[in-house]
Amino acid sequence: MSRRITPFLFLIPTFLLVTIFVLFPVVNTIYISFLNQEGEFIGLDNYAEIFSRKDFWNPQALLEGKTHSYGALIHNGIWVLIHLPLSLFFGLLLAVLLREVKGGAIIKSIIFLGMVIPLIVGGILLRFIYDDRAGILNGFLRVIGLESLARTWTAFPHTILLALILGSVWIWVGFSMIVYSAGLEGIPVELFEAAKIDGASRWRTFWRITVPMLRPATIVIVTMTTLWELKIFDIVWVIQRGGPGSASNVMALDMYMDAFFNIPPNFGTAAAIATILTILTFGVASYMVYQMVKS
Amino acid sequence: MRKLNIVARLKRVKGFTILTHIIAWAVSLIWIIPFLGVVMASMRPYPEIVNGWWNFEVFNPTLDGFFRAWNFPNTPLSRAMLNSLIVTIPSTFIPILVAALGAYSFARFKFPTRDLLFLAIVLLQTIPQQMVIVPIYNMMARVGLWDNYIGLILVHSAFALPWQIFFLRNFFSTLPVEVEEAARIDGASHFKIFYKIVLPLTLPALASLTALQFVWVWNDFFFALVLIGSPEKKLAPQVIPMIRGRLFIDWQLVCAASVIVTIIPIAIYVVLQRYYVRGIVAGAVKG
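In the order they appear, the protein sequences are chains A and B.
Here this note's numbering is used: position 69 in the first sequence is 69, and no number is missing along the way.
Here this note's numbering is used: position 202 in the second sequence is 202, and no number is missing along the way.
Rather than coming from a laboratory, the hints here were simulated on the basis of the structure.
Treat the hints with care, as some may be off.
[What the hints assert, rightly or not] Looking from chain A toward chain B, a few residues come up when the C-beta cut is under 8 Å (computed): (1) Phe10; (2) Pro25; (3) Arg133.
[What the hints assert, rightly or not] Calculated lysine-lysine pairs in the DSS-like style (CA-CA distance at most 25 Å, straight line): (4) Lys192(B) / Lys294(A); (5) Lys110(B) / Lys196(B); (6) Lys110(B) / Lys192(B); (7) Lys196(A) / Lys102(A); (8) Lys14(B) / Lys196(A); (9) Lys102(A) / Lys14(B); (10) Lys54(A) / Lys66(A).
[To be verified] Computed footprint of chain A on chain B, listed as stretches where at least three residues anywhere in the stretch have a Cβ under 8 Å from a Cβ of chain A: (11) 18-32; (12) 52-65; (13) 163-175.
On a predicted model such as this, the values are computed, not experimentally measured, just so you know.
Using N, Cα and C, we set each Cβ at its ideal position, and we do this for glycine too.
Only chain A is shown next, with the shape it has when bound in the complex (with noise of 0.2 Å):
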């Protein structure tokens, strides 16, 4: 008997408190997500009233391009189409070269600190690289005669996005490096003495071994970068709150506004969009669990 409930007495506080701040809070978000204002079941006109903000879903401002706010969710995904395959490469690209080099260890912990720093912290940094007068591109600017580009470049509803964008792969590609170099670490060196017999190039090397090598960690870096994409809402928040306008407004954002700024609150759409923004997150982690029982 004692036998049988050992292992589940091990698991009652884990039980207690994920059921009542985790699992019971996410189904009654889905409930809240189906009714109106006065607590009365209104199917999906939430998730219809939000589809139809402009400033939530506007496919057609990137047809026309005549404003530059495409709406939360299209935001979203333009940051995981730039920021993702940019934090992969020069993630991996850092932890090939500073493998090499010497003050490579060094140098690696500097940049792994975008991950050890406060997001609000960085969003102040990226604020501050970007300053019209202070900030160190516009001197940068300045110095190699682009004086006429430079500018606040977080100000403006057409720069804001890919600003913030870029910003946050600096932010973030400490991350990707580290994995990286914990997965070139683990491949046999044998193989790379072997090529090198064949006489094998660098060049050739590289793609056929170490990036198949690498597989495991990309998926990894992958999964992670494209959850920490959709999540995002510190850097966004300290810097424009979404604004100018709403041309750096993403989804995190938008449910928080719902449901915590505006007034009067709106707990149904705020909650349709965090429905949404989690089916998106499941579709990655799902991902990251068929390939985890693949290998």
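With the hints as your guide, set chain B onto chain A.
Leaving out everything else, chain B in the frame of chain A:
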């Protein structure tokens, strides 16, 4: 002929090494300079940095920005830092204890629904904070734990459990079971085996969890933003947007505040660097 070949090759290799060094240092500088900029700006008066902190014609370093941030009106960092510690320390150790028990159960016992429960735990890791916050806010408001650190600590603890259990179960799986089996034959109870044998062997993993969880809770902005309201209860990262203001940015003040708030996570990172990095990599790669 052969000799020439070797010389040519040597030259190429040397050229390649120099090239990698140049690229590596150039790329690394891009990553390092902004940190330097914030530290510089935090200790120089605004007029000195307004045309670039990299100009040193006039250079009068001062701690004035740090004092002003520390004593900022309404939300002084002196109090916010203390508040952050009060929340972060329990939010670090409660979930680790709970997760260690849970992970041990997953790693050492066979029971029905185990694999299903574990898969659920893995998937729960990816739940966004936004997905739980409305019901949690309602719940806290109803039981009087809104604007109360106990509520925030409970939420942080619960939210950390999935990844910590995942991490620790993987770690327990690598420990040899023979010692535990021998102890069981000698009549030791499961709980005794757990805290006398397993936990001491788990210290490196616990160091990783402590470092990561402490920094994550310290850095967290969203939960505190929703669950804490009074100015005197605000946590350190929450104070930064208030110090930033809406229009004019006093860079000396804002950068000094950023440095103060960041000192704690950086100190943890410096002291526990090996465990910190190992935690991130193990949580990632082994998964």
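_Given hint Lys294(A) paired with Lys192(B) - CA-CA distance at most 25 Å_ = It is violated: about 37 Å lies between the C-alpha atoms, which goes past 25 Å.
Quick one, are Lys14(B) and Lys196(A) close enough, alpha carbons at most 25 Å?
Roughly 17 Å between the alpha carbons, so the hint for Lys14(B) and Lys196(A) holds.
- [ ] Examine the region 18-32 of chain B: at least three residues should have C-beta closer than 8 Å to a C-beta of chain A.
- [x] Holds: 10 residues of the region 18-32 of chain B have a Cβ under 8 Å from chain A.
Q. Does the interface hint hold: is Arg133(A) within less than 8 Å of chain B, judged Cβ to Cβ?
A. holds, 5 Å
25 Å limit on alpha-carbon distance, applied to hinted pair Lys196(A) and Lys102(A): holds, 23 Å
Within 25 Å, alpha carbon to alpha carbon, are Lys102(A) and Lys14(B)?
holds, 14 Å
Under the criterion that the straight-line Cα-Cα distance not exceed 25 Å, is the pair Lys110(B), Lys196(B) satisfied? This hinted pair holds, its Cα atoms lying about 21 Å apart.
Chain A over the region 163-175 of chain B, status - at least 3 residues with CB closer than 8 Å:
violated (count 1)
Interface hint for Phe10(A), Cβ within 8 Å of any Cβ on chain B: Holds. Min distance 4 Å.
Check your understanding: Do the alpha carbons of Lys110(B) and Lys192(B) lie within 25 Å of each other, as the hint requires?
Key -> It holds: about 19 Å lies between the C-alpha atoms, which stays within 25 Å.
When the nearest CB of chain B is found for Pro25(A), is that gap smaller than 8 Å?
-> holds, 4 Å
With a C-beta cutoff of 8 Å, work out whether three or more residues of the region 52-65 of chain B approach chain A closely enough for the coverage to hold. Satisfied; 3 residues make the cut.
Checked against the numbered hints listed earlier, the structure breaks hints 4, 13; every other hint is satisfied.
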